[in-house]
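Student: The listed protein sequences correspond, in order, to chains C and B.
The opening residue of the first sequence carries number 1080 in the numbering used here; numbering runs sequentially from there.
The opening residue of the second sequence carries number 1080 in the numbering used here; numbering runs sequentially from there.
Be aware that one or more of the hints could be misleading.
You can't tell identical chains apart in this list, so a pair holds if it fits in one copy or across any two.
Keeping only pairs whose Cα atoms sit at most 25 Å apart, straight-line, the calculated PhoX-like set for lysine-lysine is [to be verified]:
#1 K1129 <-> K1164
#2 K1164 <-> K1112
#3 K1145 <-> K1132
#4 K1112 <-> K1145
#5 K1109 <-> K1082
#6 K1132 <-> K1161
#7 K1112 <-> K1093
#8 K1129 <-> K1112
#9 K1161 <-> K1093
#10 K1132 <-> K1164
#11 K1093 <-> K1145
#12 K1161 <-> K1145
#13 K1129 <-> K1145
#14 K1109 <-> K1145
#15 K1145 <-> K1164
#16 K1161 <-> K1109
In short, the hints are calculated from the structure, not lab data.
Source: prediction; values computed, not measured.
2 protein chains.
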Amino acid sequence: MSKLSPAEAEIALKEVSGWILAGDGLSIQKTFKFGDFNEAFGFMTRVALKADKMDHHPEWFNVYNKVEMTLTTHDVGGVSQKDIKLAAFADDAAG
Amino acid sequence: MSKLSPAEAEIALKEVSGWILAGDGLSIQKTFKFGDFNEAFGFMTRVALKADKMDHHPEWFNVYNKVEMTLTTHDVGGVSQKDIKLAAFADDAAG
Chain C
1080 MSKLSPAEAE
1090 IALKEVSGWI
1100 LAGDGLSIQK
1110 TFKFGDFNEA
1120 FGFMTRVALK
1130 ADKMDHHPEW
1140 FNVYNKVEMT
1150 LTTHDVGGVS
1160 QKDIKLAAFA
1170 DDAAG
Chain B
1080 MSKLSPAEAE
1090 IALKEVSGWI
1100 LAGDGLSIQK
1110 TFKFGDFNEA
1120 FGFMTRVALK
1130 ADKMDHHPEW
1140 FNVYNKVEMT
1150 LTTHDVGGVS
1160 QKDIKLAAFA
1170 DDAAG
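Here chain C stands alone, though its shape is the one from the complex (with noise of 0.2 Å):
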């Protein structure tokens, strides 16, 4: 696992649907917008699972049908392949 350059994430970002590289370029972020906060957690759950299964956390903020969501890849101080591969994993999630 490599950590993506700014260009390198930007291509990335193309496998996966509103995701902004950060200011800094080292961490991506969304916000997912549902109906209302069952479907928010619903959503957070399905995420959760797979980023524990993944040993990839995100970091997230909700607020009732609002969750803001931070990737970034600590061991490598930056993007990396497991950021888009959970962005991809939640983009699906969201339905």
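Since the structure of chain C is already known, use the hints to place chain B on it.
Tutor: Quick look at chain B alone, frame taken from chain C:
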């Protein structure tokens, strides 16, 4: 359900453990720490089920084993007994 004054909120906070009144007096906050992500998200799941049943939802941020929780009652524009009740549940859920 009525809004608690900062003085009333401080008295009510004696019923729970480790919660503080925000500087503006409009919310209560606590940071929970667990052994790992699995424990942290297990806690969040228990609180989420209770919150949805109460129709009273937290604002919360999670990274790995840490959960920062903020409770406020939008209907009264500040802290109410609903926040104290959910805070007490969260304390129990954290064990």
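Student: Now tell me, hint by hint, if it's right for this structure.
Tutor: Each hint, compared with the structure:
1. For a Cα distance limit of 25 Å, the shortest separation of K1129 from K1164 inside one copy, 10 Å, qualifies, whereas the shortest one across copies, 32 Å, does not.
2. For the identical chains of this complex, K1164 and K1112 are intra-copy neighbours only, at 20 Å inside a copy versus 27 Å across copies, given an alpha-carbon limit of 25 Å.
3. Taking the shortest alpha-carbon separations for K1145 and K1132, both the intra-copy value of 24 Å and the inter-copy value of 18 Å come in at or below 25 Å.
4. Proximity of K1112 to K1145 under the C-alpha cut-off of 25 Å is found in both arrangements, the shortest distances being 5 Å within a copy and 23 Å between copies.
5. In this homomeric assembly, K1109 and K1082 come within 25 Å of each other (Cα to Cα) only inside a single copy, at 20 Å, whereas the closest approach across copies is 34 Å.
6. In this assembly of identical chains, K1132 and K1161 lie within 25 Å of each other by CA distance solely inside one copy; the values are 12 Å within and 35 Å between copies.
7. Taking the shortest alpha-carbon separations for K1112 and K1093, only the intra-copy value of 21 Å comes in at or below 25 Å, while the best inter-copy value is 36 Å.
8. For a Cα distance limit of 25 Å, the shortest separation of K1129 from K1112 qualifies both inside one copy, at 20 Å, and across copies, at 21 Å.
9. Only within a single protomer do K1161 and K1093 lie at most 25 Å apart by alpha-carbon distance; the minimum there is 15 Å, versus 44 Å between protomers.
10. When the C-alpha separation of K1132 and K1164 is checked against a cutoff of 25 Å, the pair qualifies only within one copy, where the shortest distance is 12 Å, while the shortest distance between copies is 33 Å.
11. Taking CA atoms no more than 25 Å apart as the test, K1093 paired with K1145 passes inside one copy only; the shortest distance there is 23 Å, against 31 Å between copies.
12. For a Cα distance limit of 25 Å, the shortest separation of K1161 from K1145 qualifies both inside one copy, at 23 Å, and across copies, at 21 Å.
13. In this homomeric assembly, K1129 and K1145 come within 25 Å of each other (Cα to Cα) both inside a single copy, at 20 Å, and across copies, at 18 Å.
14. In the homo-oligomer, the alpha carbons of K1109 and K1145 lie at most 25 Å apart both inside one protomer (11 Å) and across protomers (20 Å), since each shortest distance falls under that limit.
15. For the homomeric pair K1145 and K1164, the shortest alpha-carbon distances inside one copy (21 Å) and between copies (23 Å) are both at most 25 Å.
16. With identical chains, the CA atoms of K1161 and K1109 are at most 25 Å apart within one copy only, with a shortest distance of 16 Å there and 31 Å across copies.
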